[in-house]
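Going down the list, the sequences are from chains A and B.
Numbering of the first sequence is given in the UniProt record's numbering, commencing with residue 1 and proceeding in unit increments.
Numbering of the second sequence is given in the UniProt record's numbering, commencing with residue 1 and proceeding in unit increments.
No lab work stands behind these hints: they were computed from the structure.
Just to be clear, a hint being listed does not mean it is correct.
As the list claims (entries may be wrong) - Selected chain B positions facing chain A (Cβ under 7 Å, derived; list incomplete): (1) S335; (2) S338; (3) S340; (4) A376.
Cβ coordinates follow ideal geometry from the N, Cα and C atoms, glycine included.
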Amino acid sequence: MLSSQIKSNEIVFGSCNKDLLEEIIFYGIGLGADFVEIFLENTDNSSVLAEEDFITNVSPSFGRGAGIRIFKGEKDGFVSTNNLTKQGLMRSVSQAIEMLDITDNKREVFNGLNEHRDYSLSKKKWINEVPSINEISEKLLVSTKSLKKDNKIITRKGSYSRNLQEVIIASSDGTYVSDIRLHQTVGLNVIASDAQYRSSGSRRFGSSGMPNEFRLWDHEKAANDVFESSMNMLYADYVDAGQMPVVLANKFGGVIFHEACGHLLETTQIERGTTPFENKLNEKIAHESVTAIDEGISEGSFGSLSVDDEGMEPEKSVLIKDGILKKFISDRAGELRTGHKRTGSGRRQNYSFAAASRMRNTYIAKGEHSKEDLINSISDGLYCKSMGGGSVGATGQFNFAVEEGYLIKNGKLTSPVKGATLIGEAKEVMPKISMCGNDLELAPGFCGSISGSVNVTVGQPHIKVDSITVGGR
Amino acid sequence: MNSREITTQISKAADFLNLKKWDYGASFSNDYSVQVDKGEAKQLKASQKQILTIRVWNQSNLVGITTTSDISESGIKKALKQANIASDFGNKNETTEFSPLAKDPIKVKDFKKRNPVGIKKLLTLLRGAEVKLIESHESIKSVPYNGLSESFFERVYANSEGAFRSYSKSQAALYLYARAEEKNKKPRSSGSVKLGYGADDIDIESCIKEASNKTISHLNYSTIKTDKYLICFSPEAFLTIINAFSSMFNARSIIDGVSLSNKNSIGEKLSTEALNIYDDGLHEKNISSTPFDGEGTPTKRLCLINKGRIENFIHSESTARIFKTTPTGHAGLGSKVSVSPDWIVVEKSEENFDLKTSLDHSTYEGEFVYIEELNAIHAGVRASQGSFSLPFDGWLYKNGKKISIESATVAGDIKYLLKNIVNIESSQEVTTSGISPHIWVDELSITGDA
Numbered sequence: 001m002l003s004s005q006i007k008s009n010e011i012v013f014g015s016c017n018k019d020l021l022e023e024i025i026f027y028g029i030g031l032g033a034d035f036v037e038i039f040l041e042n043t044d045n046s047s048v049l050a051e052e053d054f055i056t057n058v059s060p061s062f063g064r065g066a067g068i069r070i071f072k073g074e075k076d077g078f079v080s081t082n083n084l085t086k087q088g089l090m091r092s093v094s095q096a097i098e099m100l101d102i103t104d105n106k107r108e109v110f111n112g113l114n115e116h117r118d119y120s121l122s123k124k125k126w127i128n129e130v131p132s133i134n135e136i137s138e139k140l141l142v143s144t145k146s147l148k149k150d151n152k153i154i155t156r157k158g159s160y161s162r163n164l165q166e167v168i169i170a171s172s173d174g175t176y177v178s179d180i181r182l183h184q185t186v187g188l189n190v191i192a193s194d195a196q197y198r199s200s201g202s203r204r205f206g207s208s209g210m211p212n213e214f215r216l217w218d219h220e221k222a223a224n225d226v227f228e229s230s231m232n233m234l235y236a237d238y239v240d241a242g243q244m245p246v247v248l249a250n251k252f253g254g255v256i257f258h259e260a261c262g263h264l265l266e267t268t269q270i271e272r273g274t275t276p277f278e279n280k281l282n283e284k285i286a287h288e289s290v291t292a293i294d295e296g297i298s299e300g301s302f303g304s305l306s307v308d309d310e311g312m313e314p315e316k317s318v319l320i321k322d323g324i325l326k327k328f329i330s331d332r333a334g335e336l337r338t339g340h341k342r343t344g345s346g347r348r349q350n351y352s353f354a355a356a357s358r359m360r361n362t363y364i365a366k367g368e369h370s371k372e373d374l375i376n377s378i379s380d381g382l383y384c385k386s387m388g389g390g391s392v393g394a395t396g397q398f399n400f401a402v403e404e405g406y407l408i409k410n411g412k413l414t415s416p417v418k419g420a421t422l423i424g425e426a427k428e429v430m431p432k433i434s435m436c437g438n439d440l441e442l443a444p445g446f447c448g449s450i451s452g453s454v455n456v457t458v459g460q461p462h463i464k465v466d467s468i469t470v471g472g473r
Numbered sequence: 001m002n003s004r005e006i007t008t009q010i011s012k013a014a015d016f017l018n019l020k021k022w023d024y025g026a027s028f029s030n031d032y033s034v035q036v037d038k039g040e041a042k043q044l045k046a047s048q049k050q051i052l053t054i055r056v057w058n059q060s061n062l063v064g065i066t067t068t069s070d071i072s073e074s075g076i077k078k079a080l081k082q083a084n085i086a087s088d089f090g091n092k093n094e095t096t097e098f099s100p101l102a103k104d105p106i107k108v109k110d111f112k113k114r115n116p117v118g119i120k121k122l123l124t125l126l127r128g129a130e131v132k133l134i135e136s137h138e139s140i141k142s143v144p145y146n147g148l149s150e151s152f153f154e155r156v157y158a159n160s161e162g163a164f165r166s167y168s169k170s171q172a173a174l175y176l177y178a179r180a181e182e183k184n185k186k187p188r189s190s191g192s193v194k195l196g197y198g199a200d201d202i203d204i205e206s207c208i209k210e211a212s213n214k215t216i217s218h219l220n221y222s223t224i225k226t227d228k229y230l231i232c233f234s235p236e237a238f239l240t241i242i243n244a245f246s247s248m249f250n251a252r253s254i255i256d257g258v259s260l261s262n263k264n265s266i267g268e269k270l271s272t273e274a275l276n277i278y279d280d281g282l283h284e285k286n287i288s289s290t291p292f293d294g295e296g297t298p299t300k301r302l303c304l305i306n307k308g309r310i311e312n313f314i315h316s317e318s319t320a321r322i323f324k325t326t327p328t329g330h331a332g333l334g335s336k337v338s339v340s341p342d343w344i345v346v347e348k349s350e351e352n353f354d355l356k357t358s359l360d361h362s363t364y365e366g367e368f369v370y371i372e373e374l375n376a377i378h379a380g381v382r383a384s385q386g387s388f389s390l391p392f393d394g395w396l397y398k399n400g401k402k403i404s405i406e407s408a409t410v411a412g413d414i415k416y417l418l419k420n421i422v423n424i425e426s427s428q429e430v431t432t433s434g435i436s437p438h439i440w441v442d443e444l445s446i447t448g449d450a
């Protein structure tokens, strides 16, 4: 298989570096640090792009690096480097110590690293089990070919990426873990055009820790979904702007909770004083129909982890229970600075970022209603079938784009509409999620924030928001 | 290894592997940054990065690529091998070659490379800025997003035909985003970003003043009625939207079918005749200027819109060959080479007689919406369709008063927007992404709460 050639096939770190890791941590503690953390990373990635009926890009990449974080009190200093020699790592520790201006004589105790917890044991063959570039190419080309269902389809793209990351995390509290993470994503995109009309359609699929997942991907169904979405939207009118009730579809509709509320429950937002929920623990912040969860343990889900980037196993965190705020998403710095216990949510894009409190698989739990119940309850509103990206600002104001939308008239779906953006504020919208469907599903995505872009899952059943501002024309 | 040694290393390894044709781009950087929280250091960061991208052409002249952070001898050999294997999948329908301009002279701006001021000084400067910003108004309670950084880096391009380019420079950045809150009112936030060649070059006082003024000015806010409005885009906002739709000028996007333009669009009337747009990566105000692109092609000033008509597209080597022109210095480095603009300069052309020059944002007393900053570009722009629907920070000017807009989006079509420009103010402003005057557009849709 060609993939066996385009890969490092090297388990670089293994467990043989314990003495070195301890030596470096002793060095940092000896210089006066309260806490020393070492994050070592080795990556082996590959991406393939198919356009129309040809492979136009194959891009392998590999690399290694280290991120070293030192805490003194509530301050932390972070140094990243590509130099993984003992000398390079020592220099990074010295640099972090110097940055923090550590001069006192108080010494923390470091009793050495705990017994190695190797989460990668069952994963070392993953790199040999992922599909080859040949296999990927063939399937992508079949996929892009099957998108050619109408002459109005003017561009067809299929893309695949595979990220294999091996990590070792060691810190002065004794943490000593290894893991291998495998993420695969595949996406299909089309543009349809007819005279002055244009539309686009896209779908992305992804998994973590499942080398065989790409082979199981139902590319025909994916191609049909993308094609139908683009054709449905081709002649759609622009949505009329205004306040209205909306029904958000399951799966990626969950981006509303991710943006509107999830980010505001990360302890980094408490640290900054930018969340309206800071002092709302055990208070009602959402409609009683809303129970929301963030966890890193759903098998195969894109945001799942065996261990977070600070060496802690992820827990299932019920953030909101029946509308009551129950927990924040916390990392080591968050626990230190806000008092909220770590939840196994310390995540980073790679070694060049310090970990921060980040969502993993985040979803609204299923309710009792059918999708039809929700739509039937609206006389004049919007059904958001497919969502684009979104963001949340420093004051809790969020927005996200609707890729595929339909008007709801008298309890029925009617004409497709385009150009809709949903905007609002978390505090105001959460109490307006009044009905949850019984069809919870998760969808993969990427979340960009303070510690870079990380793999996440968003999800929800169909939900109804009683009123939200829809931006349009 | 320094860049000359890396080039030698790659050359030797390529000979060993019998690879005749290759090129590479590399980036080596050292970065330092600080954040503060109410006077206390929050996170202090330093990083040393090295990224090497190698391309290899096989015997069928198909190109493969690999990127790595491992520039050891073994890492370089491995990267060459992987690129060689990837070249089997090179695009047979569109080949990539060395840029014919990769050995042409380059213009390196005359600036003094700064030395690091060090984390402690960065911290002192940022602490001082935070204190001043909080003290500037009683409603400003915190500066939740802040940072001061300095970077020192070297960029390299070399190929197997003897091209070798390298330049190094320094750059610093300060951002201050304040949060203001008044009793029984929603919090408001705004900020400012300043760049310089070094931390000592940054105008910290003006960054504080701008962040403070912007934030305070939004304290008195109100909802806006959903309707169509006369709009004035700030220079920053107009540049944001031009950059978001830069695929109109991008030859790569045209070939890929994702641009609103096509191969025959040169000469097409896109806007009022009063509008000129250039891409000018070497502009003296462009702190981030680079003298050559990813393929080694020299950066240059290029007219994109001349008197309202498309004058040029931006090109890589391969798109230029397809369009039978020369590369323009806007390429990345890849087997499928991306193309992107550097530094957009918007100006009023000589054909500006039909502009409504009474529309001046500082004196006009009629009703209009001033869009200061556009947000969530990644979510609200459909570049391939020409449409946008974007949240913004701004004001409603009415009866001689201005009121901050609480929460709203502006939506429209880029071609409609460009053709409905009714005034281009005379005074240009320098921003972090280019230069533009204030631009007035008639009849754009605003969605508000009211």
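To see whether the hints hold, each was checked on the structure:
no.: 1; hint: S335; verdict: holds, 5 Å
no.: 2; hint: S338; verdict: violated, 10 Å
no.: 3; hint: S340; verdict: violated, 16 Å
no.: 4; hint: A376; verdict: holds, 5 Å
Hints 2 and 3 from the list above are not met by this structure, while the remaining hints are.
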